[in-house]
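Chains as they are written, first to last, in our numbering: chain A, 14 to 187; chain B, 1154 to 1486; chain C, 10 to 271.
Read the hints as simulated data drawn from the structure, not as lab findings. All C-beta atoms, glycine included, are put in the ideal place defined by N, C-alpha and C. One should not assume that every hint holds.
[Said to hold, decoys possible] In silico DSBU-like pairs for lysine-lysine, Cα to Cα no more than 35 Å straight-line:
| no. | chain 1 | residue 1 | chain 2 | residue 2 |
| --- | --- | --- | --- | --- |
| 1 | B | K1292 | A | K177 |
| 2 | B | K1218 | B | K1163 |
| 3 | B | K1256 | C | K268 |
| 4 | C | K268 | B | K1351 |
| 5 | C | K159 | A | K124 |
| 6 | B | K1465 | C | K159 |
| 7 | B | K1292 | A | K76 |
| 8 | A | K177 | A | K45 |
| 9 | C | K85 | A | K49 |
| 10 | A | K158 | B | K1256 |
| 11 | B | K1292 | A | K72 |
| 12 | B | K1292 | A | K174 |
| 13 | A | K101 | C | K271 |
| 14 | B | K1351 | C | K83 |
| 15 | C | K153 | A | K162 |
| 16 | C | K83 | A | K162 |
| 17 | B | K1416 | B | K1351 |
| 18 | C | K94 | A | K162 |
| 19 | B | K1476 | B | K1416 |
| 20 | A | K45 | C | K84 |
| 21 | B | K1416 | B | K1184 |
| 22 | A | K140 | C | K159 |
| 23 | B | K1486 | A | K170 |
| 24 | C | K85 | A | K45 |
| 25 | A | K170 | B | K1184 |
| 26 | A | K97 | C | K271 |
| 27 | A | K142 | A | K177 |
| 28 | A | K142 | C | K159 |
| 29 | C | K107 | A | K41 |
| 30 | B | K1256 | C | K185 |
| 31 | C | K107 | A | K158 |
[Claimed, not checked] Chain C side only, calculated, beta carbon under 7 Å to chain A, not exhaustive:
| no. | residue |
| --- | --- |
| 32 | I96 |
| 33 | F112 |
| 34 | I211 |
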Amino acid sequence: MSVQVNAFPADSIYNLDLMLLDKDGNEKEFNKLSGKIQVFAMIYTNCKTICPIIIANMKAIEKLIPENDIKNVNFSLITLDPGKDDVKILNKYFKNKKFNNKIWNLYRTTKEDTLKVALTLGLKYKKEKNNEYTHSNLIILLDDKGVVKIHHQGLDKNYSKMLKTIAEISADLH
Amino acid sequence: MKQISNFFLKSCLIVIFAFMIDGVCAKELPKVEGNTSFAPDVPSPITRNHPAYVVVHFECVELVKELDNGVKYHFWTFDGTSPGKMVRVKQGDTVEFNLHNHKDNKMPHNIDIHAVTGPGGGAAVTNTSPGRTSIFSFKALSPGIFIYHCATPPVPLHIANGMYGLVLVEPKKGLSKVDREYYIVQSEFYTDSTFGKKGMHNFSQEKALMEFPEYVVFNGRVGSLTDSNALIANVGDKVRLFVGNAGPNLISSFHIIGLIFDKVFMEGASLVNIDVQTTLIPAGGATMVEFVARVPGNFIIVDHAIFRAFNKGCVGILKIIGKDNPELFAEKK
Amino acid sequence: MFFQKIIIIFFIFFIVCFDSFAKDKTDMVLIPSGSYIPLFKYGDDVLDDESIDVDSFYIDKYPVTNIDFYSFVKKKPEWDGNNFKLIFADRNYLNHWKNIDSFDEINNYPVVNVSWFAANEYCLYLGSRLPTLDEWEYVASSGKEFRVAKDDPSYLHNLLDWYINSQSRGVISIDKMTDNYWGVFGLHGVVWEWVSDFNSVILLNTDAEGGGLEEVLYCGATATNAVDPADYAAFMRFAFRNSLEADYTINTLGFRCVKNIK
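Construct the entire structure; sequences and hints are all you get.
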């Protein structure tokens, strides 16, 4: 890896050295998500209960970000179920959800690295006997350097703190 | 006529203005430190007449303490005492609750405050590892005297080991003025040894499941309210007792031998019963009783399930000092 | 001929030195595959099978000690008390190594004040890994005499005493630890131990022994109920895991490693 060890703050999640695969099958180093403000969630495509609401809330946040700032923001989803959510399924899910290709991406990684990402973000999850997952509802806001700024409850429709923080970080990026 | 209507108009404007100001001020609550005390003392009455943002700090401490003379037990506590601190807030307050878990503790802890309307009474969001702090806030919606306790699994063990206390939410208009207020919590201890046997006592799960305590005590130990620790009042004092029952299992039949409660705020809530000899305190509940100290003497505080008082330690003393009142009570020789 | 012997000796010496830092199987115990009954049963159906199957694996006889971890830190200085990154461990990391007169005093005590990331990295470095929650609970479900400890009526009682008394006793060195049926030492009443999937413990509404999930906080599939509400020691372990985050370092939390059967 060519990334310098000291490139990120000590509490940045991009200190994790791992490789992602996106919905188009492109490989991407995890730390290449830096440089943009990330609105982040970990879900899985087969989640029928609360995940659709989490995504709806993320889309609502996307709509509320001013045009001036949205170019600094990405929405990233990493699957909790890399065993089942292969690139083909991620691609299909992406199309079904009609995400904006310029702003959203879906990723998968190894089982071990999925756990590491969840752990740095403070997310809990458990695979149940019926192959569904019980998992934290959280939407995480990361700054451009990968430092966690906000843990937002996924069902909470009060986005004011999230939007305010995005605006503040974005102002520094202009 | 013109003067009257002028005056009336001005008064209306002032009233409207006052309401507007109140509306503006309510959005920014003044921040105050929590009003707390250690048993048997009660925090002083709240003097402000508006809600506030109240900041409270508790620290979980695991330590060995005496349950009885020469009898030691592994206590789990809030702030080193069992019961923990009493907190006094006002209906309408927003309370910011900071729960610290001392880094030398072995167990995670949390808190369920019965005055809270919200998941777990706060327990769902205060799971705290040793060395960490959890913070949550709640609005005190209802007045009353409420139990708080740790609710980390196994919950009965956390309660059985001493993690409980009382939160008082004063009604909006406050409580009537009294001369003495005291804080008492009744609870049981289940140990693998026998009552009074000196040495280390360990928690007995078998006895706890059978609801067969070795100790039933006030304020966490035998003797907490007797001898030099007896509660004091003067003849003529209006006395108010906040009495909780942490359980974990038993219901209390709270009685003070030799006096009648003028008022009992049943179950620690707003409905008042009068002239009550013995009142029930559910496990995980509380009561508030008021009476005037009319006759001097030693008045024994008991759980009237009387073997508990006599053989398990559930006894305290209220010492009323002052002039005899032979009209009320006199020995005839 | 002599020269060839020297080369062979050097070669053997080199292999021994290189391999001596790999996890030595003599420090580990083979746990055969089997099943155990976990504390929480996941499933609404009364007929759902409670037991969980576990494949065979090797497990460390003892928790990782201070001297073990010291050797690792010397080889991987990015994990020492000065260079570590805050995303991987909090400021209390290896705090107990500071201000001690002699490291020798704590050599054989379980290393504590290590985060999940540090523990995980240690195991990976040795070609092993952290145990899963099921693996750890499976091994720990055996007492001394009984393969299934709960078959021994006094087991739960002794276990609870052990857990509670360990608070005043403090952490003990590996020579004072006792073993269980498998010859694994110090599983109970010494230090809590990291497992790889500690973040799979999601406990709420615990005033009773089970309860539903909070939809506000978790997206979930099933309710959880405790199989044996009298197993207070297990509750304590689960409650502890439930309170953790991966960067936490706690002075009663250590770990041990496991290794797959090749």
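We went through each hint and held it up to the structure:
1. Restraint check for K1292/B and K177/A: satisfied, since their Cα atoms lie roughly 25 Å apart, inside the 35 Å limit.
2. The hinted pair formed by K1218/B and K1163/B fails the criterion: a straight-line CA distance of about 66 Å is larger than 35 Å.
3. At most 35 Å may separate the alpha-carbon atoms for a hinted pair to count; K1256/B and K268/C meet this at roughly 32 Å.
4. Of the supplied pair hints, the one linking K268/C and K1351/B is violated, its CA atoms being roughly 48 Å apart against a limit of 35 Å.
5. Taken as a hint, the K159/C and K124/A pair is honoured in the structure, with Cα atoms around 34 Å apart against an allowance of 35 Å.
6. Of the pairs offered as hints, the one joining K1465/B and K159/C holds, with about 33 Å between alpha carbons and a cut-off of 35 Å not exceeded.
7. At most 35 Å may separate the alpha-carbon atoms for a hinted pair to count; K1292/B and K76/A meet this at roughly 32 Å.
8. A distance of roughly 25 Å separates the Cα atoms of K177/A and K45/A; the hinted pair therefore holds under the 35 Å criterion.
9. Restraint check for K85/C and K49/A: the C-alpha separation of about 32 Å stays at or below 35 Å, so the hint holds.
10. The suggested pairing of K158/A with K1256/B holds, with an alpha-carbon distance near 31 Å, which does not exceed 35 Å.
11. For the suggested pair K1292/B and K72/A, the alpha carbons sit about 31 Å apart, so the restraint of at most 35 Å is met.
12. Only pairs whose Cα atoms come within 35 Å are accepted, and K1292/B paired with K174/A is accepted, the gap being roughly 21 Å.
13. Annotation: proposed proximity of K101/A to K271/C holds, straight-line Cα distance about 32 Å (limit 35 Å).
14. A C-alpha spacing of about 50 Å is found between K1351/B and K83/C, which places the hinted pair above 35 Å, so the restraint is violated.
15. With a C-alpha separation of about 48 Å, the suggested pairing of K153/C with K162/A is violated against the 35 Å cut-off.
16. A threshold of 35 Å between alpha carbons decides the hint, and for K83/C with K162/A the separation of about 34 Å falls inside it, so the pair holds.
17. For the hint pairing K1416/B with K1351/B, the CA-to-CA distance comes to about 40 Å; that exceeds 35 Å, so the pair is violated.
18. At roughly 18 Å between alpha-carbon atoms, K94/C and K162/A fall within 35 Å of each other, so this suggested pair holds.
19. Distance check on the hinted pair: K1476/B and K1416/B sit about 24 Å apart at the alpha-carbon level, within 35 Å; holds.
20. Under the criterion of a C-alpha separation no larger than 35 Å, the hint pairing K45/A with K84/C is consistent with the structure, at around 29 Å.
21. Restraint check for K1416/B and K1184/B: the C-alpha separation of about 34 Å stays at or below 35 Å, so the hint holds.
22. Restraint check: the Cα-Cα separation between K140/A and K159/C comes to about 27 Å, which is no more than 35 Å; the hinted pair holds.
23. In summary, the hint linking K1486/B to K170/A is not supported, as the alpha carbons are separated by about 79 Å, beyond the 35 Å threshold.
24. Pair hint K85/C plus K45/A holds up; C-alpha atoms about 25 Å apart against a cutoff of 35 Å.
25. Proximity of K170/A to K1184/B is assessed by CA-CA distance (about 27 Å); at most 35 Å being required, the pair is judged to hold.
26. This hinted pair checks out: K97/A and K271/C have alpha carbons roughly 26 Å apart, not beyond 35 Å.
27. Our distance criterion of 35 Å between C-alpha atoms is broken by K142/A and K177/A, whose separation comes to about 41 Å.
28. Distance check on the hinted pair: K142/A and K159/C sit about 25 Å apart at the alpha-carbon level, within 35 Å; holds.
29. Using a Cα cut-off of 35 Å, the hinted pair K107/C and K41/A is violated, with the two alpha carbons roughly 40 Å apart.
30. The straight-line distance between the Cα atoms of K1256/B and K185/C is roughly 24 Å, inside the 35 Å bound, and the hint therefore holds.
31. For the suggested pair K107/C and K158/A, the alpha carbons sit about 31 Å apart, so the restraint of at most 35 Å is met.
32. The closest approach between the C-beta of I96/C and any C-beta of chain A is roughly 5 Å, which is under the 7 Å cut-off, so the hint is satisfied.
33. The beta carbon of F112/C is not positioned within 7 Å of any beta carbon in chain A (closest approach about 26 Å), and the interface hint is therefore violated.
34. Interface restraint check: I211/C against chain A, minimum CB-CB distance 5 Å, threshold 7 Å, status holds.
The structure fails hints 2, 4, 14, 15, 17, 23, 27, 29, 33 (numbered hints given earlier, in ascending order).
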